[in-house]
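Colleague: These protein sequence lines are chains R and B, in that order.
If you count the first sequence from 1, position 31 lands on 31 in the numbering used here, and the numbers rise without skipping.
Add 211 to the 1-based position in the second sequence for the numbering used here, that's all there is to it.
Note that these hints are calculated values from the structure, not bench results.
Because the structure is a prediction, the values reported are computed rather than measured.
By construction, the Cβ of each residue, glycine as well, lies at the ideal position given by its N, Cα and C atoms.
Misleading hints may appear alongside valid ones.
Listed below are several chain B residues computed to face chain R (Cβ distance under 10 Å; list not exhaustive) [said to hold, decoys possible]: (1) Ala267; (2) Phe335; (3) Lys336; (4) Glu371; (5) Glu381; (6) Met382; (7) Phe391; (8) Ser392.
Residues from chain B that keep clear of chain R, each with C-beta distances beyond 10 Å, as calculated [what the hints assert, rightly or not]: (9) Asp245; (10) Thr279; (11) Glu430; (12) Leu436; (13) His487; (14) Gln502; (15) Tyr514.
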Amino acid sequence: MHIYHYINLLIITFVSLMAGLVTLAGAKQIAPSQLEIYVQSDTLKVDVGIDSAFTQNHIDAIESGMTASITLQFRLLGARNNRLVQKEINKQLEHDIWEGQYRLIKVTVPPDTLVSSNFGDIRHACTQLQGLALTHLPLPDEILTLQARVHIDPITPKQQERTRRWLKILRKGSLLEFFFSFRKSNPPTPWITLRQFRPSALPHLLPEAAQ
Amino acid sequence: MKPFPLRWRIIGALLGLSLSTTLALSYMGRYYLDLSLQSGVNLEMGHALTGALTLAKENYDTRKHLLTEVGDILSQSPNLIAAYHANHPEQLQHLFLKEGVKDATLYFSTTAHTNASTTMPSVFKASENILQLTVPILAQDSTVAYLCAEQRLDTLLNIESAVHTFKHIEMDELDLRQAFSLAFLAATAGVVLLATLIGIRIGFGVTKPLYALIKGTREMARDNLEYRIPKGREDEIGLLIESFNKMAEDLKENRRKRLEAEQIAAWREIARRLAHEIKNPLTPIQLTVQQLRDKYPGDDPTYQKLVIDCTEIVTEEVENLRALVQEFADFARMPSLLLAPQDLNKIVLGVVRLYPDARIHHTLSPDLPILELDIEQMRRVLINLIENGIDAAGEKAQVRIQTQIDDGQICLCVSDNGPGVPMEERQRIFQPYISSKDSGMGLGLAVVRGIIEDHRGHISVTDAPNGGAQFDICLPIPEEQMDDSLKGES
Chain R
1 MHIYHYINLL IITFVSLMAG LVTLAGAKQI APSQLEIYVQ SDTLKVDVGI
51 DSAFTQNHID AIESGMTASI TLQFRLLGAR NNRLVQKEIN KQLEHDIWEG
101 QYRLIKVTVP PDTLVSSNFG DIRHACTQLQ GLALTHLPLP DEILTLQARV
151 HIDPITPKQQ ERTRRWLKIL RKGSLLEFFF SFRKSNPPTP WITLRQFRPS
201 ALPHLLPEAA Q
Chain B
212 MKPFPLRWRI IGALLGLSLS TTLALSYMGR YYLDLSLQSG VNLEMGHALT
262 GALTLAKENY DTRKHLLTEV GDILSQSPNL IAAYHANHPE QLQHLFLKEG
312 VKDATLYFST TAHTNASTTM PSVFKASENI LQLTVPILAQ DSTVAYLCAE
362 QRLDTLLNIE SAVHTFKHIE MDELDLRQAF SLAFLAATAG VVLLATLIGI
412 RIGFGVTKPL YALIKGTREM ARDNLEYRIP KGREDEIGLL IESFNKMAED
462 LKENRRKRLE AEQIAAWREI ARRLAHEIKN PLTPIQLTVQ QLRDKYPGDD
512 PTYQKLVIDC TEIVTEEVEN LRALVQEFAD FARMPSLLLA PQDLNKIVLG
562 VVRLYPDARI HHTLSPDLPI LELDIEQMRR VLINLIENGI DAAGEKAQVR
612 IQTQIDDGQI CLCVSDNGPG VPMEERQRIF QPYISSKDSG MGLGLAVVRG
662 IIEDHRGHIS VTDAPNGGAQ FDICLPIPEE QMDDSLKGES
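Modelling step: build the complete structure from the supplied sequences, incorporating the hints.
Modeller: See the structure below:
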């Protein structure tokens with residue numbers, strides 16, 4: 001084999017190795033603790049609870065007063081894995097350690113805020129969704145797949161900047177900073193399949209019953 | 212086992228050197244990074260920061276408690292109304308100090324923070340870093356203003372911030388190490404890649420001309436003395452190529468000289484034999500014919516005239532043949548040189564004197580060193596060249612003779628105003644039996660070159676400035692006289 005082939009092989013191996021390392025983030029699996037999918041007022045809705053969304057690292061960070069952004073994503077895939085719908089719920093969890101209060105702000109217009117001194121209540125409010133409207137009917141009468149993933153990031157951009165200032169080695173534009181920022185320290189969980197169903201087989205609830 | 216080619220060995224050596232150096236440096240870098248991270252992010256530091264945060268929290272609670280107590284006191288104190296009417300909130304500072312609140316900023320305000328109670332004292336966080344006490348000032352059962360006392364929480368927030376940053380680093384420590392590893396890996400790969408490219412450049416740069424040299428030597432071995440290696444480098448390899456090319460040029464020149472010498476020797480041998488074979492019967496022929504003429508006994512005048520005419524013709528032709536034979540003999544003989552110290556200028560002047568009627572101009576350098584020359588042979592050279600010039604230019608012939616020192620050699624230039632020598636004839640005219648003249652055997656310039664080369668000189672023909680031919684003779688100056696002549700030049 002010609003030497004140039006060896007060099008090419010070396011470069012490809014190196015790039016693959018780096019790409020592998022970069023994508024080797026500690027992705028955590030989640031599992032739903034509660035799940036109901038139903039039709040109400042011609043809308044596909046879901047009641048879901050994902051208690052396992054918070055890791056111990058997340059809890060420690062929030063307990064120490066770090067502000068976390070929480071994103072829950074749902075998507076509905078068709079029979080050929082084609083995406084039919086994607087829905088995203090964004091929340092921000094702040095902890096005032098001085099007053100001992102948690103504040104969960106749902107990023108909507110206007111914002112919906114829940115204040116509590118009990119982390120359990122807040123955690124429940126974060127991960128329990130009731131009557132989440134995914135999409136209007138009709139849907140193709142085929143086997144659909146509902147998937148979800150969670151992204152909890154207790155590192156705000158402000159905190160990122162503060163840490164960079166603390167660690168002077170992470171100067172902007174440096175090689176180290178490039179590789180550091182290339183990796184997401186708190187990556188979203190992988191997509192997990194909550195359920196596969198046929199729309200025609202879903203229960204239909206009366207509007208009152210849902211409330 | 213066949214060894215690797217040189218170019219791959221050079222590339223491999225550079226690659227190995229750079230790889231080992233970079234890996235060693237990477238290892239050291241990683242080691243010191245570990246040390247550095249361990250000194251900053253460790254269990255003790257975590258405990259210390261957690262403890263500091265607990266103390267900060269206690270401090271916050273204490274501040275809040277003290278402010279609450281001061282608020283209760285102030286709400287029942289007449290001093291509050293008096294200070295408000297005097298618009299002098301600092302009058303109340305001593306009450307704060309008395310309760311242990313040292314760094315409160317006091318002011319009156321007609322409006323209250325949204326978190327404040329409008330009827331009773333309240334303590335709350337007015338902003339992220341401000342703890343505020345608000346005391347309503349009541350007059351006639353209504354709130355007319357508020358006393359606000361603010362304490363900054365910057366120190367406490369700094370501790371909180373430090374804890375957050377510590378937590379962040381702790382969380383990202385693995386990522387940071389991996390980022391370091393990747394950065395080192397990238398740097399290593401970059402260096403290795405660079406070393407490979409440099410190695411290829413150097414390896415090929417060194418071996419390419421070597422392969423060209425190998426090809427050159429093979430061509431030479433195949434007797435191809437025309438092959439030259441293209442230059443293009445100024446380094447030692449370029450010098451080697453230049454030396455090779457010069458060697459090939461010298462070999463080619465030597466071969467040419469040798470061939471010419473062999474050719475001339477062969478011609479001389481032919482000339483010698485011809486001269487010998489022709490010269491011997493000439494005298495008997497001439498004598499016999501003359502005897503025929505002298506001993507004619509008859510009285511037939513017509514026949515007698517015929518005999519006399521024929522005898523004259525034969526005698527004349529015999530003389531011509533004798534002259535030719537002499538020319539052959541001269542060429543064949545070429546006596547060995549009788550070298551003696553001579554002044555070339557004097558030889559030139561001596562020869563010029565032989566042609567009083569011809570227009571011969573001379574420009575002689577006065578600084579010519581004395582040379583070891585065969586005076587007779589050199590005279591023969593000059594006579595040959597002058598006569599060639601006169602013959603070529605005809606009646607209006609002008610011959611110029613110049614001597615000078617040039618590039619460590621003595622140059623003797625003889626030029627004429629004749630038609631010149633065509634480019635394609637310039638090499639051939641020095642060969643025997645090549646002549647552009649009607650008369651002669653074409654041996655003159657061959658003899659001239661023989662004499663000059665016997666003097667270790669060189670002769671060539673070029674165009675004269677006035678359009679004729681110019682013969683340039685270069686004679687080497689002996690080493691011992693070189694310094695003197697250079698001094699003379701300077």
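Colleague: Which constraints among the numbered hints does this structure fail? Numbers only, ascending.
Modeller: Failing hints: none at all.
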